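Peer 1: The chain contents come next:
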Amino acid sequence: MEDISLQSRIDVLSEEQVMIQDSAVAFIAQDEELKKVRENRFSQPGYDAQTWAEMAEAGWLGFLVPEEYDGIGLAFSDLSLVLIQLGKGLVPAPFSATAVLAARTIVKGDNETFKKARLPALISGEWKPAIAWQEARSTLDVKAEKVTCADGKLNGQKLFVPDAGGADAFIVSAASAAGTILYMVEKDASGLSIEYAQRVDGGFYATLTFDNVVAGEEVASAAVAEQALALALDEARVAASAELLGVMTRALEITVDYLTQRVQFDKPIGSFQSLQHKAVDLFVLSEISRSVLLQTTALFDGDASDKERAVAASQLKSRCGDAALQITKDAIQLHGGIGYTDECNIGLYLKKAMYLSSLWGNPTAHRGRYAALVL
Amino acid sequence: MEDISLQSRIDVLSEEQVMIQDSAVAFIAQDEELKKVRENRFSQPGYDAQTWAEMAEAGWLGFLVPEEYDGIGLAFSDLSLVLIQLGKGLVPAPFSATAVLAARTIVKGDNETFKKARLPALISGEWKPAIAWQEARSTLDVKAEKVTCADGKLNGQKLFVPDAGGADAFIVSAASAAGTILYMVEKDASGLSIEYAQRVDGGFYATLTFDNVVAGEEVASAAVAEQALALALDEARVAASAELLGVMTRALEITVDYLTQRVQFDKPIGSFQSLQHKAVDLFVLSEISRSVLLQTTALFDGDASDKERAVAASQLKSRCGDAALQITKDAIQLHGGIGYTDECNIGLYLKKAMYLSSLWGNPTAHRGRYAALVL
Amino acid sequence: MDDQAFRFHVREWLEANFPEEMRFPPRRLNFDQAMGWHKKLNEQGWVAPGWPAEHGGMGLSPYQQIIFSEELDRVGAFVIPSFGVTMLGPLLLGYGTDEQRAEYLPKILCGEHIWCQGYSEPGAGSDLASLRMSAEVDGDDYIVNGQKTWTTMAQQANMIFLLVRTDKEAKKQKGISFLLVPMDTPGITVREIDNIGGYSEFAEVFFDEVRVPRTNMVGAVNQGWTMAKALLGAERILLGSPKLAKFPLQRLQAMANDFGLFDDPVFKERFTKLHMDVEDSVAVYIRMLEVMRRGEQLGPEISILKLAVTEMFQQVTDLILDAAGEFAGTESVLPLSDGTSYKPVNTYYLSRPSTIYGGSSQVQRNILAKAVLKLPG
Amino acid sequence: MDDQAFRFHVREWLEANFPEEMRFPPRRLNFDQAMGWHKKLNEQGWVAPGWPAEHGGMGLSPYQQIIFSEELDRVGAFVIPSFGVTMLGPLLLGYGTDEQRAEYLPKILCGEHIWCQGYSEPGAGSDLASLRMSAEVDGDDYIVNGQKTWTTMAQQANMIFLLVRTDKEAKKQKGISFLLVPMDTPGITVREIDNIGGYSEFAEVFFDEVRVPRTNMVGAVNQGWTMAKALLGAERILLGSPKLAKFPLQRLQAMANDFGLFDDPVFKERFTKLHMDVEDSVAVYIRMLEVMRRGEQLGPEISILKLAVTEMFQQVTDLILDAAGEFAGTESVLPLSDGTSYKPVNTYYLSRPSTIYGGSSQVQRNILAKAVLKLPG
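Protein chains in written order, with the working numbering: chain Y, 17 to 391; chain R, 17 to 391; chain C, 533 to 909; chain X, 533 to 909.
Calculated directly from the structure, the hints in this document are not laboratory data. Every value quoted in this text rests on a predicted model; they were computed, and no experiment measured them. Take these hints with a grain of salt, some might be off.
Claimed, not checked - Below, in silico cross-link-like pairs of lysine to any residue (SDA-like), each with a Cα-Cα straight-line distance of 25 angstroms or less:
1. K902(C) <-> P284(R)
2. K875(C) <-> Q280(Y)
3. K706(C) <-> G172(Y)
4. K706(X) <-> E31(R)
5. K875(C) <-> F556(C)
6. K906(C) <-> D27(R)
7. K800(C) <-> T155(R)
8. K159(Y) <-> G172(Y)
9. K52(Y) <-> D726(C)
10. K706(X) <-> D673(X)
11. K703(C) <-> Q280(Y)
12. K639(C) <-> G588(C)
13. K700(C) <-> D726(C)
14. K283(R) <-> K703(X)
15. K283(R) <-> A702(X)
Put together the whole structure using the sequences plus the hints.
Peer 2: And the structure:
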């Protein structure tokens, strides 16, 4: 599939970035037909162990972890090159949830012993934590209220925990007397029940119910927990946006290819001006998204304030969420009837867009936060 | 200019309606080039006395006045046929403001002596009243607050009074101890000052400032004033919507004609699919508007409740306001550079749409009222 | 009975008779699931609102048809429409012989015949006239060979109406005829196709040397295109029914109520805008039905309705996805406080092909540009 | 100086030097109105931010050019851009001779030469290559005949750069050359055209046997189209500057503040959406300027920026009209509480031709479809 993005036309990558991108391109080329994607969907944990091991092998899981914890300490602008490809390949592994959100929450926490013990295991792929923070639909608020911790026992419910099926443990935000604290809880902890809901992309969300579950190690104290979670979530939103960019980019490539091949009224349908202009409008959306991603990863690689990061993450997530939905649904329209069948891959891109654009705040939620922060 | 609306294809007019429509078509055909429109714009009162006299002669000014006051007592579905043509011809006379809003406010009032004395003069074209009710930008509220009446003296300010320049008198809503009352005030009343602002369509709005002006005859008592005003305003909104339909219809006719004539890249530009589809989308908007107008005039001709009328008027006004703006501004785009010149008539349609869609509540204001009434 | 009385009559009967378990299902019910209800409707004589009474229909005015349809929506009926009632019936009334009417119409009403529609072929989607399924005369029969696709619920139908090519030499539109074929005729194979919602609502139908009596042709030989176009007209008014957008809007309202979204002025304004748009499309619909009531044909202008309504439908489902928050990414069926359940993504999926089937939006715009606006080229 | 320091340096100087009476004017200032300011900028060496320093420019990086432009917006500068600075200068730097550069560049800087652009002709709008103005050799001169239109501020300019046809036999694009002509040359007539806002910002320019020295040609004979295209590229990045949308958004904010509209959540959400869109377009702009900074040419992808920004511009002015309420129908100039005045309909008018000039949105989409997406046909 030819890359029609403007990257090769107008952007400049460093040699190292070219290497990173090439390895990610090769990685997804293994499943260009999305057979593995289809095999894994709707069956727990929603991805195969082999994929995760290969990602660990490639060093990707440690991109955002400082070297002192065995990480590579690379930049968001590098990592995004991998994430775009993962989006293009619809790779179902919980990269953003584990290697970004969980890893970065731990890094931003204040338990050095925990970091030293756990981050290397996360990076090597041996240990997969999932973050359980959300207590309501469509909220961006990281303050824990409904899950409480008193006398060392957790009670309450966490919603929308992605990829819990393959996780070894949860990092749970809980309201204590001192404020929000992050605790680790093993997956098989007594009193913890897990209910799974199927996601449209083939993965699963979990609802975690805590009934006097013993709180494990403190991952972040009340002094830093909310901030750590908020920062890591904004980073995870950038990661999800990069995936979304991959999703929309490949959906558009497939569609442009289809427009060139498919004949109706004795002409390739891509020669009809109305379809050409529609494709162009989608292309414009994808390149706006790419531009905002470039700007945002540069900002996250610099010394921007927490607020600047929050504003940028909301700007990016709402742009990429909207654009990916628009592009993938119009891609189905441009495919005609065949696009509405499950056997056609284009529908898988729509579903990935539906999931990722609603994860960690949908475009409307992020516009709300942007307005509150900027206006 | 060929009528491209669906009226002749799918709607059925009575013989009487055909006659009414034909006479209105002939009326505007006198100024098909819009020379008279251009002569009158930006010079007081914004229209010529001859036009008004001809309208009176045609009997149009009495359409909505019961026969007992020398009117014709016809239906909205008949009147709308005239108004659509007035919109097509951009006829600058204050038809909706005087023959609908003012006439109907008086009719709905409770001063029989006043009706018997004044309505025949209004219908014959001798006497032109203007209604001064509005006290703030973007309001639909008819309750008077800022203009007060105490001891028979009016004080305060009324805004956005259309076509005051040609009016002989004002009917003014004022807050009295008993509630809102409608009073007549002669134009040359002592203490009344009038400030005019140029409208984009070439007419004028007036701001009326009352400084101890003696309140004249009571047109409607506190018992009925607000209701009379509210009902008449909703009728005036229907009238303005019919004009808007005429504006958008003619703008589209002119544009489709231009698309057929204008050659670029060695083809008539109307053969380019993207322009065809744009024209079609505008056509769809115009026919949705026409359908809603048909439905609404039928409702106003029946025994609908005040609330049903308000809902229908808001639905119609926001539809026609949005559609007319969309169509006239895209008409300029479809004309290319020439459409941006003052000498091209298409811009006059945009300006009429800008005026009428913001008169008596713009689409956003009417959606707000609809939501409050329906949801 | 005046319209208001008619409405209450229908409402009362539906409240008493519409099965509790069929109300507001999370997905559209298919023919098998709705057959019990079909039979109950038939006992009441209410299967075919638009057919004349002499043929077993209700003979309703256009406005009464809307009332009837609104009342069905009100109790949450959500059923794949019967192609026999909505499409084949009107066609036979217009073009069929008396024998054909006597043979087929009653069986549609009683539910004995369940029809599916054999129009589209692979490679002949928007460009329907390029269809290739052949029907060659062999004695008193035609021998039919080829493939249909996007045939809704072919797997449950026992009858199919077909567009076939009876003259390969003639220009595209000229050599097409209209055939009625039992699905159990030897040589017919059905392959179900899953849609993106994961359901099998349509199928491919393969014809291999299928023998069909020549008496099963409707209209004259090579006149199929005219009838197909008329039928497409009837289909487009069906496909342009405002209920397409109104029904999901009601479901959105129920979900949004539970989520407390009407306290959010931004959501409320978006909902209002769509509510008004949908009400506006009802005005267009009634205006067009009025033409049919007068016994006149609707021409290319019918495309306006389909264009407008399907676009609104998709705008409604966009807002559903937005309102659903994280549920926009799940297959979850949400229990609502009104006792029904709702799966937001289903509605979203369902809206996708509405701008594709029955002539894509692009095709509808081409029709209007050429046939109504008379634009060149 | 780092970027932040540069910003404050510019801000400080502008605060001290930008004339009070030029801040946030209700309509765009023309060349005459802005000449005093131009001369002041020239004293400071700040007329041409993008030109290299050796030619009297500021030699700013792309990002610094944005800073400079933002700071100008901040004080409310609203002036018709100088075509000498933005268009002819870059063209001469790329294609002119040393003599031409020495002759013309300093006069642009000091304001002696005020340039207008002679591209479009009646009948050759979007289809620019079909232009017909002829230039025939006569000794050391060309004799120019024909008509230009949409020439912005021709009535105030004393110089014009022209696309002319120097070979009538060649294919459309092949026979075009680029000429520089003083406006006082005998045979040139200017007719002002009022725009829909009632202002004369452009004109028709008639050429009747106008004699132009052959040395006034830039580039080689019949190579004008290549240069024109390069210039159109430069124009498109200018025409795609986000300030086009950002400036009116700021004015909307000021008006809406006075009207109390930010207390209305619906207005606030609409404003927010546009604010974010405009910020997004800044990201596209900087990404593209970065290419130019590296000294590379921007190709057809530049169309993305113009398409996106002009569409946003019009969305902003739609919201301005909505927010203005009844003032959307008046010519009123509103006094704002920040001491400036504002005429909402002017911005609305100004946004209309942005999707027409410099290649209409339709043409931009054609370019992208063919040249970038490589779609057939």
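Peer 1: Each hint: holds or not?
Peer 2: Structure-based check of all given hints:
Between K902(C) and P284(R), the direct Cα distance comes to roughly 14 angstroms. Compliance with the 25 angstroms bound is thereby established for this hinted pair. Taking the CA atoms of K875(C) and Q280(Y), the gap is near 35 angstroms; set against the 25 angstroms cutoff, the hint is violated. Using a Cα cut-off of 25 angstroms, the hinted pair K706(C) and G172(Y) is violated, with the two alpha carbons roughly 70 angstroms apart. Restraint check for K706(X) and E31(R): not satisfied, since their Cα atoms lie roughly 62 angstroms apart, outside the 25 angstroms limit.
Of the pairs offered as hints, the one joining K875(C) and F556(C) holds, with about 11 angstroms between alpha carbons and a cut-off of 25 angstroms not exceeded. A distance of roughly 20 angstroms separates the Cα atoms of K906(C) and D27(R); the hinted pair therefore holds under the 25 angstroms criterion. This hinted pair checks out: K800(C) and T155(R) have alpha carbons roughly 20 angstroms apart, not beyond 25 angstroms. Taking the CA atoms of K159(Y) and G172(Y), the gap is near 14 angstroms; set against the 25 angstroms cutoff, the hint holds.
Between K52(Y) and D726(C) the CA atoms are separated by roughly 19 angstroms; this keeps the pair inside 25 angstroms, and the hint holds. Distance check on the hinted pair: K706(X) and D673(X) sit about 21 angstroms apart at the alpha-carbon level, within 25 angstroms; holds. For the given pair, K703(C) sits about 16 angstroms from Q280(Y) by alpha-carbon distance, which is consistent with the 25 angstroms threshold. For the proposed pair K639(C) and G588(C), the alpha carbon gap of about 11 angstroms is at most 25 angstroms, so the pair holds.
Only pairs whose Cα atoms come within 25 angstroms are accepted, and K700(C) paired with D726(C) is rejected, the gap being roughly 33 angstroms. With a C-alpha separation of about 17 angstroms, the suggested pairing of K283(R) with K703(X) holds against the 25 angstroms cut-off. Distance check on the hinted pair: K283(R) and A702(X) sit about 20 angstroms apart at the alpha-carbon level, within 25 angstroms; holds.
Of the hints listed earlier, those the structure fails to meet are numbers 2, 3, 4 and 13, in rising order.
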